[in-house]
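**Student:** With the hints as a guide, bring both chains together as one complex.
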Amino acid sequence: MKVVLRNPRRELELPAPRTVEALLRELGVVPESVLVIRNDTLVTRDERLDDEDVVEIRPVVSGGAT
Amino acid sequence: MKCRRCREQAVIDVRRHNAAFCGPCFLHHCREQVRRAIDDFEMIRPGERVLVAVSGGKDSLGLWDLLRELGYDADGLYVGLGIGDYSDTSGRHAREFAHERGMKLIEVDLPTDHGFDIPDGSRAAHRAPCSACGLSKRHVFNETALAHGYDVLATGHNLDDEAAVLFGNVLHWETGYLGRQHPVLPATPGFARKVKPLIRLGERELAAYCVLRGIDYVVEECPMATGNRHLGYKEALNAIEERSPGTKASFLFGFLERGHHRFAGDAVDEREALRACSRCGAPTPGDARGGDALCAFCRLRARATGSGHR
Chain A
0 MKVVLRNPRR
10 ELELPAPRTV
20 EALLRELGVV
30 PESVLVIRND
40 TLVTRDERLD
50 DEDVVEIRPV
60 VSGGAT
Chain B
0 MKCRRCREQA
10 VIDVRRHNAA
20 FCGPCFLHHC
30 REQVRRAIDD
40 FEMIRPGERV
50 LVAVSGGKDS
60 LGLWDLLREL
70 GYDADGLYVG
80 LGIGDYSDTS
90 GRHAREFAHE
100 RGMKLIEVDL
110 PTDHGFDIPD
120 GSRAAHRAPC
130 SACGLSKRHV
140 FNETALAHGY
150 DVLATGHNLD
160 DEAAVLFGNV
170 LHWETGYLGR
180 QHPVLPATPG
190 FARKVKPLIR
200 LGERELAAYC
210 VLRGIDYVVE
220 ECPMATGNRH
230 LGYKEALNAI
240 EERSPGTKAS
250 FLFGFLERGH
260 HRFAGDAVDE
270 REALRACSRC
280 GAPTPGDARG
290 GDALCAFCRL
300 RARATGSGHR
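Residue numbers (numbering that gives the first Met the number 0), protein chains in the order written: chain A, 0 to 65; chain B, 0 to 309.
Isolated chain B (complex conformation) (with noise of 0.2 Å):
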């Protein structure tokens, strides 16, 4: 195959934009693909500082690479989440990326810093782990993005994220989840605003990125995800994306286009119902019983630590 846009030996095939690229000129084309959702979502103002969400994956490394050469103020965020040997790799090449280059990465540990981990955590409180890990996560990037001052929250959610997060709530009919999906989410009192620049790449994209880039990232998948409901949403997308390529963009983007309002008043009913967590201050739609408004966080922090809240 032959590059479409210098016509050299093409590297990487990218079959829903019929098109194929030569190293350098697939490089700008991933830039040009994350300028472009930048500007018409609106996600990050010239000057504003950002704060990227980074796991040592190919999507959060790529992200943080990406908007640096666009030029933009980003620093790191890196959270420990206690699996093992997984997350001892994730925070090495979370930390060697940022050294090499120079760059500012934040640490929040959350056996240190809140007492528990993922694997224990998940257990104490009944939950899934993803969904433990999900709910964590953005607990402190939120925390750590408002504590710090940053104007916006950027996170390596790609388009077969995306996709299938779509996918799976269409599935369940998730109203809520519905009208919250979306690009940007702006800030709100207790919320930074938050934005997933890497909408317009798949995670294809992003693994070719970095390792034209050079960017040592963990190829090895979480051990608590393993056959996790949103793999085999992604799996069966990309079955449909082989005979049909460009189904997810266009599933994805057709929902932003002409769905998603339809579903963004529940979202911002949930919203409007908020109170402040007791305990962080977080916000928080709190206990339909009327009792304490614990956020979901420090629910799982307590019954994580067994420190007496149920």
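For reference, chain A alone in the conformation it holds in the complex (with noise of 0.2 Å):
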């Protein structure tokens, strides 16, 4: 499957199936601090992504101290 991450933008190829949960966990990203979009699509941490797909992990943290 091909991994979109933000900020600075870069793709990655990972070998499926796995959870959004263990992709996050191999990244070292806290779930807490993204969102992961599958195809265009909102999706909770247990659930299955495959080779086909294009997963963007968004990161959520911003902001100065104002």
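Worth double-checking, as some hints may not be accurate.
[What the hints assert, rightly or not] Partner residues aside, some chain B positions facing chain A, computed with beta carbon under 7 Å:
#, residue
1, Val10
2, His98
3, Glu220
4, Glu241
5, Gly245
[Unchecked claim] Label pairs and their calculated CB-CB ranges:
#, chain 1, residue 1, chain 2, residue 2, range
6, B, Pro222, A, Ala15, 31 to 41 Å
7, B, Arg261, A, Pro16, 18 to 28 Å
8, A, Asn38, B, Asp265, 48 to 58 Å
9, B, Glu47, A, Gly27, 40 to 50 Å
10, A, Glu25, B, Thr187, 12 to 22 Å
11, B, Thr187, A, Pro7, 39 to 49 Å
12, A, Glu51, B, Arg4, 42 to 52 Å
13, B, Cys5, A, Asn38, 41 to 51 Å
14, B, Pro45, A, Arg47, 14 to 24 Å
15, B, Asp72, A, Glu10, 36 to 46 Å
16, A, Asn38, B, Arg4, 21 to 31 Å
17, B, Thr304, A, Arg47, 52 to 62 Å
18, B, Gly101, A, Asn38, 53 to 63 Å
19, A, Arg47, B, Arg67, 17 to 27 Å
For the record, the hints were derived by calculation from the structure and aren't laboratory data. This one's a predicted model, so the numbers in the text were calculated from it and none came from an experiment. Glycine included, each C-beta is placed from N, C-alpha and C at the ideal position.
**Tutor:** Below, the structure is given as structure tokens:
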């Protein structure tokens, strides 16, 4: 599957199947800090990702100290 | 996972509520959280005009959308900060959001209207960029809300923002800031009422709300905020939240219910000592050495533009 990361934008090819949770664990990403979007649709952490999926891991943490 | 309300396939889990939601039920959840925050803290009264400070990011555009969905008379205010491509992109998102929905967006541009941008201004004034940016935005938000006769100024500060600010204020025992940290700051002479209707929603929920509502927001982080202390606090709190869901909400709402009143006196004392800025008229503690009472924004602008005041 293709995995798209942001800030900076980059792409990875990773083997499937695996769950969203397992993917985030392998990448060292805290689930609370991202959304996972598969083929333009939000998915929960128990969803299984397959070879043909395009998966965006979108960071949600933002902001200056204002 | 199944949606807690309707048992359809869920698209987002919210662990602090031990719940997951399908798209329509999640949008209902977000509206209910904002409605409850507004009601619980008496933020906005029926018929009042609201000015929403929008940056082009998920929180502020999500807030504007949510307030309109809930029936409020809400216009937007975008402040151009002059942070290169980032500001260009942010402004475009804010303008397109407003244009597509036929909503009124007021714009103030720091370089055009005040003669400086955040990168140069923060260097000239020897302030951290986020400090100069926050100071400038707070000043322009308040000034614009008063000048245009809005009843209330709403900002997109969410649960994560407020928990991180509280964390920092507690770590450094900033008692004056703790006394002022509240979802509603009432109007006082020279200050518009300020409210934070997103206090019951985390930033992950705001991002999901925007995706589900088709709101095109700027995903890129401000280049000047990278690695700042506030983001470090958020990272630490998210690591705790992952092990103990609900900790951020418990920390923040526990403070508001049981801790805030202990520090409120410090904030009142500071506000009572304010006088009018000799340049713009905004309330300010002024210069402790007894000189001109310039507010912090006018001092920043003077240093940034080399117009004489130090």
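**Student:** Hint by hint, note whether the structure agrees.
**Tutor:** Comparing the hints with the structure gives:
1. This hint holds: Val10 (chain B) has a C-beta 4 Å from the nearest C-beta of chain A, less than the 7 Å allowed.
2. Hint status for His98 (chain B) relative to chain A: violated, with the closest Cβ pair at about 23 Å, above 7 Å.
3. Residue-level restraint check for Glu220 (chain B) holds (minimum Cβ-Cβ distance to chain A is 6 Å; threshold 7 Å).
4. Below 7 Å, beta-carbon pairs count as interface contacts, and Glu241 (chain B) has one with chain A at about 5 Å; its hint therefore holds.
5. Here the hint on Gly245 (chain B) is broken, as its CB sits about 11 Å from the closest CB of chain A, past 7 Å.
6. Distance hint for Pro222 (chain B) and Ala15 (chain A): a CB-CB separation of about 34 Å, consistent with the stated range 31 to 41 Å.
7. The beta-carbon spacing between Arg261 (chain B) and Pro16 (chain A), approximately 53 Å, falls outside the hinted interval of 18 to 28 Å.
8. One distance hint, 48 to 58 Å for the beta-carbon pair Asn38 (chain A) and Asp265 (chain B), holds here, with the actual separation near 52 Å.
9. Taken as a hint, the range 40 to 50 Å holds for the pair Glu47 (chain B) and Gly27 (chain A), whose Cβ atoms sit roughly 46 Å apart.
10. The supplied range of 12 to 22 Å is broken by Glu25 (chain A) and Thr187 (chain B), whose beta-carbon atoms lie about 52 Å from each other.
11. Between Thr187 (chain B) and Pro7 (chain A) the beta carbon distance is about 44 Å. The supplied range of 39 to 49 Å therefore holds.
12. In this structure the hint that Glu51 (chain A) and Arg4 (chain B) lie 42 to 52 Å apart at CB is violated, the actual value being about 31 Å.
13. Checking the proposed 41 to 51 Å range against Cys5 (chain B) and Asn38 (chain A) shows it is violated: the Cβ atoms sit about 23 Å from each other.
14. For the pair Pro45 (chain B) and Arg47 (chain A), the beta carbons lie near 48 Å from each other, so the given range of 14 to 24 Å is not met.
15. Between Asp72 (chain B) and Glu10 (chain A) the beta carbon distance is about 44 Å. The supplied range of 36 to 46 Å therefore holds.
16. Under the hint 21 to 31 Å, the C-beta atoms of Asn38 (chain A) and Arg4 (chain B), about 25 Å apart, fit the expected range.
17. The beta-carbon spacing between Thr304 (chain B) and Arg47 (chain A), approximately 58 Å, falls within the hinted interval of 52 to 62 Å.
18. One distance hint, 53 to 63 Å for the beta-carbon pair Gly101 (chain B) and Asn38 (chain A), is violated here, with the actual separation near 31 Å.
19. Taken as a hint, the range 17 to 27 Å is violated for the pair Arg47 (chain A) and Arg67 (chain B), whose Cβ atoms sit roughly 37 Å apart.
Checked against the numbered hints listed earlier, the structure breaks hints 2, 5, 7, 10, 12, 13, 14, 18 and 19; every other hint is satisfied.
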